[in-house]
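Protein chains: 2
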Amino acid sequence: EIVAAAEAALSDGPLKGKRVIVTSGPTQEPIDPVRYISNRSSGAQGTAIGKALVALGAEVVFVTGPADVPPPEGVQVVRVETAVQMLDAVQAALPADAAVFAAAVADWRVAQAASSKMKKEKGEIPTLSFAENPDILATVSQMTKGRPPLVVGFAAETDNVIAHATAKRLRKGCDWIVANDVSPATGTFGGTQNTVHVISDDGVEDWPKMAKDAVAERLAQRIAGALVG
Amino acid sequence: EIVAAAEAALSDGPLKGKRVIVTSGPTQEPIDPVRYISNRSSGAQGTAIGKALVALGAEVVFVTGPADVPPPEGVQVVRVETAVQMLDAVQAALPADAAVFAAAVADWRVAQAASSKMKKEKGEIPTLSFAENPDILATVSQMTKGRPPLVVGFAAETDNVIAHATAKRLRKGCDWIVANDVSPATGTFGGTQNTVHVISDDGVEDWPKMAKDAVAERLAQRIAGALVG
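As you go down the protein sequences, you meet chains F and S in turn. Residues 213 to 441 in the working numbering are what the first sequence spells out, letter by letter. Residues 213 to 441 in the working numbering are what the second sequence spells out, letter by letter.
Honestly, the hints are just simulated from the structure, not real lab data. Among the clues, some could well be false.
Identical copies carry no separate label here, and so any pair may be met within one copy or between two of them.
Within a straight-line C-alpha distance of at most 25 Å, the following computed DMTMM-like cross-link-like pairs (lysine to aspartate or glutamate) qualify [what the hints assert, rightly or not]: (1) Lys357 <-> Asp309; (2) Lys332 <-> Asp224; (3) Lys332 <-> Asp393; (4) Lys329 <-> Asp371.
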């Protein structure tokens, strides 16, 4: 990692001197000390994005949940579990020139996580009630002071991908949304390929199905174009 | 794996000719296509037990949820996600001379898992209701026909370890319970060491804190003693 960091520092890529926050992986929301709610995000797309940004010379703060795919080399890694922790880490990493929120953050956490293991009692079925998690994408997109000039969100959808993602971009206030179809049949979660649509003020760009690394490289180039012109 | 299987087949260990089912890892219970409930079991203890049984010559069917630690070599691996699938796999693997249920099986599944991703709507907080999962340990322990002669359960507790585990053994009807403290401070889940108590008709044996591999080897020896005498 030291070598990669040194290479990045020496790199004369277009993002030299630019600081980018990348979030990655799932979050884990505790139910009790042993049980948790999570999701099938592997962290593969986030790691690929971090790597591609480093390759263009960016200084990357990589805020990651418990992902299967390890962080890329040459980034500053901040490990978190919950959505609340992830927001704290993102805010601590500001200011930045851009933020790419590729993590699959839990929308909800368990309202009152138990401090000892929930016991199974005959005939008693628990119900879980939830509290809304902080919305990291909306919070950062709507900052009135110190907002990163470029905020990129992701929309993992299982149906009506473009419509849902277009609405999400307007609702959150981010600049771009990278939308993809994560229904199990596509194999996106846990897989190596991704078919994305990049939605911005300019409309919808449909990118062909390609490796997550290739998606990341194209996105990093697009970020460099937006930040450096 | 082929070499290890061949070695096991050729082994003249005390468990030669004995068939043992081992379950391992967490289960994952879907909430919707992308979200799930799971637990912090790594599969380390189950893998160590499978390995130790193979080393004593047993034929091992290894039924595993999505674990961090890969299955041992020389076993027949059956991969599952949910508790329902795990019970099916165990029943399909019967008859057996012994069953060691080291998996951390979810007590509950989501009553009606959604077929598309649950959307976050302003102001709406979901509640999840649960259905009780099949109890693999009790089901196999209480079989009136074809019950394995030795059924070993695990009790992962965060408090009152011995009392909870002793009651669990009687309630489930298994022969032995291997009880341990998995409260976060112990580092058992995800860690390499374990402090267990083996509860049987003979009472409670307190084993010293030792590596999970050592726990597995001692347990395999005890199983050999029980089956072969």
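Hint by hint, here is what the structure shows:
no. : hint              : result
1   : Lys357 <-> Asp309 : within (13 Å within a copy, 68 Å between copies)
2   : Lys332 <-> Asp224 : neither (59 Å within a copy, 42 Å between copies)
3   : Lys332 <-> Asp393 : between (37 Å within a copy, 17 Å between copies)
4   : Lys329 <-> Asp371 : between (36 Å within a copy, 8 Å between copies)
The structure fails hint 2 only (numbered hints given earlier).
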